[in-house]
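Trainee: Assemble the whole structure, with the sequences as input and the hints as a guide.
Protein sequence lines, in the order shown, are assigned to chains L and B.
711 is the number of the first residue of the first sequence in my numbering; add one for each residue after it.
621 is the number of the first residue of the second sequence in my numbering; add one for each residue after it.
Treat the hints with care, as some may be off.
Derived DSS-like pairs: lysine-lysine, alpha-carbon spacing no greater than 30 angstroms straight-line [what the hints assert, rightly or not]:
hint : chain 1 : residue 1 : chain 2 : residue 2
1    : L       : K889      : L       : K958
2    : B       : K907      : L       : K889
3    : B       : K1095     : B       : K1047
4    : L       : K958      : L       : K968
5    : L       : K889      : B       : K725
6    : L       : K889      : B       : K1095
7    : B       : K1231     : B       : K725
8    : B       : K725      : B       : K907
These are computed hints drawn from the structure, not numbers from a lab.
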Amino acid sequence: MFFYIARRLLFLPLTLFGISLIIFFMFMRLSPEQRVALYITSPERLRGDNVERLIDLHGLRDPWHIQYGRWMGNVVRGNLGWSNVGKEPVYSAIMRRFPYTLELALYSALPIIWLGTWLGTLSALYHNRPLDHTLRISAVVGWSFPDFVFGFFVLMIFYSILGWFPPGTLGAEADAVVKSSQFRSFTGMVTIDSLLNGRLDVFIDTARRLAGPVLTLTYVGFAYILRIARSSMLEVLGREYIRTARSKGLEEKVVINKHARRNAMIPVATVSGQTIIALLGGTVIVETIFNRVGIGSFMATAAQQLDFASVIGGSLFFGVILVLGNLLVDVSYALIDPRVRLD
Amino acid sequence: MKNLALIVLVFFLITVAGVAFAEIPNPDTYVMLTIAEPDTLDPHQAYDVASGEVIQFVYDNLIAYDGQSLTDFVPWLAMEVPSLENELIMNEATTYIFPLREGVKFHNGNELTPEDVVYSFHRGILADPAAGPMWMLIEAIFGYYSLEDFVFDKTGISLNEALDPESQLINEEYRQPLIDFYQDYIQPAIQADGWDIVFHLSRPFGPFMSILARNSSWAVILDKDTSVEMGCWDGEADGWWEHYNLRKEDSPLYDQAVGTGPFRLIEWDRVQQRVTLERNDDFWGEKPWISTAILWEIEEWGTRRAMLEAGDADQIHTPQQYYEQVTDMPGISVELGDFVLVDSMQFLWEVGPGSPYLGSGQLDGNGIPPDFFSDIHVRRAFNYALDYDTLVEHALGNLVTRIPSVLPVGFLGWSEDQPRYEFDMEKAAEEFQMAWDGELWENGFTVSLFYNIGNERRQTTCEMLQENIESINPKFRVEVIGLQWPTFLDAYRNEHMPAFIIGWQADYADPHNFISTYLHSAGTFSAHWGEPFREFARENLDHLVEQAVMETDPSIRESLYREVQDIAYETAAFGLPLFQPRYIFTMRDWVQGWTFHSMRPGEVNLDQVWKEEN
Chain L
711 MFFYIARRLL FLPLTLFGIS LIIFFMFMRL SPEQRVALYI TSPERLRGDN
761 VERLIDLHGL RDPWHIQYGR WMGNVVRGNL GWSNVGKEPV YSAIMRRFPY
811 TLELALYSAL PIIWLGTWLG TLSALYHNRP LDHTLRISAV VGWSFPDFVF
861 GFFVLMIFYS ILGWFPPGTL GAEADAVVKS SQFRSFTGMV TIDSLLNGRL
911 DVFIDTARRL AGPVLTLTYV GFAYILRIAR SSMLEVLGRE YIRTARSKGL
961 EEKVVINKHA RRNAMIPVAT VSGQTIIALL GGTVIVETIF NRVGIGSFMA
1011 TAAQQLDFAS VIGGSLFFGV ILVLGNLLVD VSYALIDPRV RLD
Chain B
621 MKNLALIVLV FFLITVAGVA FAEIPNPDTY VMLTIAEPDT LDPHQAYDVA
671 SGEVIQFVYD NLIAYDGQSL TDFVPWLAME VPSLENELIM NEATTYIFPL
721 REGVKFHNGN ELTPEDVVYS FHRGILADPA AGPMWMLIEA IFGYYSLEDF
771 VFDKTGISLN EALDPESQLI NEEYRQPLID FYQDYIQPAI QADGWDIVFH
821 LSRPFGPFMS ILARNSSWAV ILDKDTSVEM GCWDGEADGW WEHYNLRKED
871 SPLYDQAVGT GPFRLIEWDR VQQRVTLERN DDFWGEKPWI STAILWEIEE
921 WGTRRAMLEA GDADQIHTPQ QYYEQVTDMP GISVELGDFV LVDSMQFLWE
971 VGPGSPYLGS GQLDGNGIPP DFFSDIHVRR AFNYALDYDT LVEHALGNLV
1021 TRIPSVLPVG FLGWSEDQPR YEFDMEKAAE EFQMAWDGEL WENGFTVSLF
1071 YNIGNERRQT TCEMLQENIE SINPKFRVEV IGLQWPTFLD AYRNEHMPAF
1121 IIGWQADYAD PHNFISTYLH SAGTFSAHWG EPFREFAREN LDHLVEQAVM
1171 ETDPSIRESL YREVQDIAYE TAAFGLPLFQ PRYIFTMRDW VQGWTFHSMR
1221 PGEVNLDQVW KEEN
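Mentor: In structure tokens:
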């Protein structure tokens, strides 16, 4: 197992190098005038030779190897460049936004996976009975609901009408507490840090703001897991060893929980891993609707505005998450299924 | 049962009373939800509304606009507004004197001195960042469009070539000439004489006062000592070039601000995209009512709207397409106002080489020749073919004001009676028949009209023009093409689009800012319309534009600007004048003291508003 993990990790730098090259060449296909649009945001800036001056200032007309070399040279020195979209260096722009994404991903992944698995199992056990139909229909509805529509529903009901779940990441007062010198940051995730600092008020404030996005993501996300869990469970339940287990007089609870469910969980683990990785990549729509800080809307804006440094920095960051995330999923197979050997 | 009814009634009454006497949330804090966060807080780099919105309340200018006026000023950090009458404008309007207010303090307690004022202007001019705003002062005081041009003309040194990417001298032999340049030209132009600040202009320049007026971030006053401590230029002649044309993130003032203004900067939170300001209790003038102001970028309209309804925001930016949604909202008041932004369709008299947008490139029905719009009849025909009234009233819901020429409403030289083209399909057909010696009518054409994606107003206008022109002759084909901004910019820069709609927002409230942009052979826009236009402008327009800007008598200036616009009308020189879009200002009805100024960056006068139930 150790060698397997080490080998996979050794490929990481190579993967990142590949990603950077691909994105770099995609950007190079754009003209210097298109790439300088990042800095020329209004017609008033078009005066005289401004466009040329800015192209020069940022070296956008240099040969490709010079531009790539300059970027690479900075990366080697630990400088990912300046993010025009984040208005700060790329590294800090990502690192200051990621904890918010991580927080939302964690709190959403739990109910998505738990609900999806539980209801999926239930659905399989009540195969073709009313409960199965009801669950399947609600899953299809949830899955086909566009998240921006459902997000606005949640915002309207729980914020505009009930006043429970306000948008944003932190209220003004809680924000002031978090930024004060007494407040120590341990994880960057405010829900956890606030508890560690003993600030229940901050915890409540940020938890209320998390509730809407979590609710939205859960509703539109659990259906996928449910479908996988259901079909995988159905397949397993039809296997001969289950029949054997039943015929030898085992209790139904043991058959389901020990024999069937554990085996049915392998595809669910894969899909859950993918779900978590996707959530870590940020959720543009939900972040935008609930005005949450996050990596998703940051990357979307960067791509829209052709902010090269941000796009490439963010992609490398996702590259790391993707490689590590998939590695974890693979390792988790070995833990769930004793037949899987990684070496 | 009776008891239950009673309980319900009491509960109901409490709720109603609660709603009726609901307190205004956070009565001392004003929350404005915008759609952009600042680009930079360095006043000499800032050239966008969101940056100007913050800078105007943190820093101060020498003079300010008088109420809603665009032409009258009141003293601000200066004790008097210079005029010919009070003899603070002298030497045939080339010397301006501003007596400085005493006893003013910066936010850190430092006292404002004349040295700070002189430093501020010198620093800005010497910094001249690419695509920044400093060209305005450089043009006004010295008659050049950039420091690069100015230095080159006086010393023969090209700054771009003399400096390496870190703004260090490539060759020591440039050092002395650059030191001399500062001492010979920049230093004498802006000086302090006791508490008087004296500007020496190279020639009279009509718009000078409006370039200095409040809301102009490039002309605010910095604290020299603090700026130097932060790492800005030290005020010495030797080495000034090390601070020239910096990337915005390299400026020490990028995210810090110490001014004398009514608010101090508490925080620019770039993760939350929120700027927090706090009342400056030592402000020299009338102190603001509110103690905290929050300018917060929230991209999504639905979210902004929900926060306004919930009372978590006091005012929100409202795009035109949501006007209907806010007009009947309870507890909300809506105001309309025209910012000085004009939209127009520009024609290239000659499209640049290599354009992919000309079709066949010939007048054969499948394209246009590069110089399609150099024919006066084509330009006129397009002008006649747009149904302006229907466009304004129906298609655009009266949320625009039609302008006759390039000047915004109320500017010197603007007039209701300015001749303009009216919708007339017969005349349009006549002009098309005369165009290109009849060849155009015979063969037809396929022309593309461009707008930037996301601007529905411009798209609608192009589509309306398309429909009308195609109905004139079955051989006429018009394509409407939307481009993303980077592609649009690329096509614009390479002069590839034969006709397109773009807007211009006033830098300062003077006609020169529009006339020179659109109707001078070296104008920001007009320089890109091809050599035939530039030749036309050099012969017919340039001398008038240049004369008008140096003229100090407003009535003479007005008649010169009228003359320029008349020529533009006769020849349909620059394309199609369109409209000024109307802005929608949406706020809670507890907002009091809100006023509109068409030159103010941003939507709210934070230094004057307060919150109180009507």
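Trainee: Look at each hint and say if it fits the structure.
Mentor: Here is what the structure says about each hint:
Of the supplied pair hints, the one linking K889/L and K958/L is violated, its CA atoms being roughly 63 angstroms apart against a limit of 30 angstroms. A hinted pair counts as satisfied when its Cα atoms are at most 30 angstroms apart, and K907/B with K889/L qualifies at roughly 28 angstroms. Distance hint between K1095/B and K1047/B is fulfilled; the C-alpha atoms sit about 18 angstroms from each other, no more than 30 angstroms. Annotation: proposed proximity of K958/L to K968/L holds, straight-line Cα distance about 15 angstroms (limit 30 angstroms).
Taken as a hint, the K889/L and K725/B pair is honoured in the structure, with Cα atoms around 28 angstroms apart against an allowance of 30 angstroms. For the hint pairing K889/L with K1095/B, the CA-to-CA distance comes to about 67 angstroms; that exceeds 30 angstroms, so the pair is violated. Taken as a hint, the K1231/B and K725/B pair is honoured in the structure, with Cα atoms around 28 angstroms apart against an allowance of 30 angstroms. Simply put, K725/B and K907/B have alpha-carbon atoms about 14 angstroms apart, close enough for the 30 angstroms limit, and the pair holds.
The structure fails to meet hints 1, 6 from the earlier list, while all remaining hints are met.
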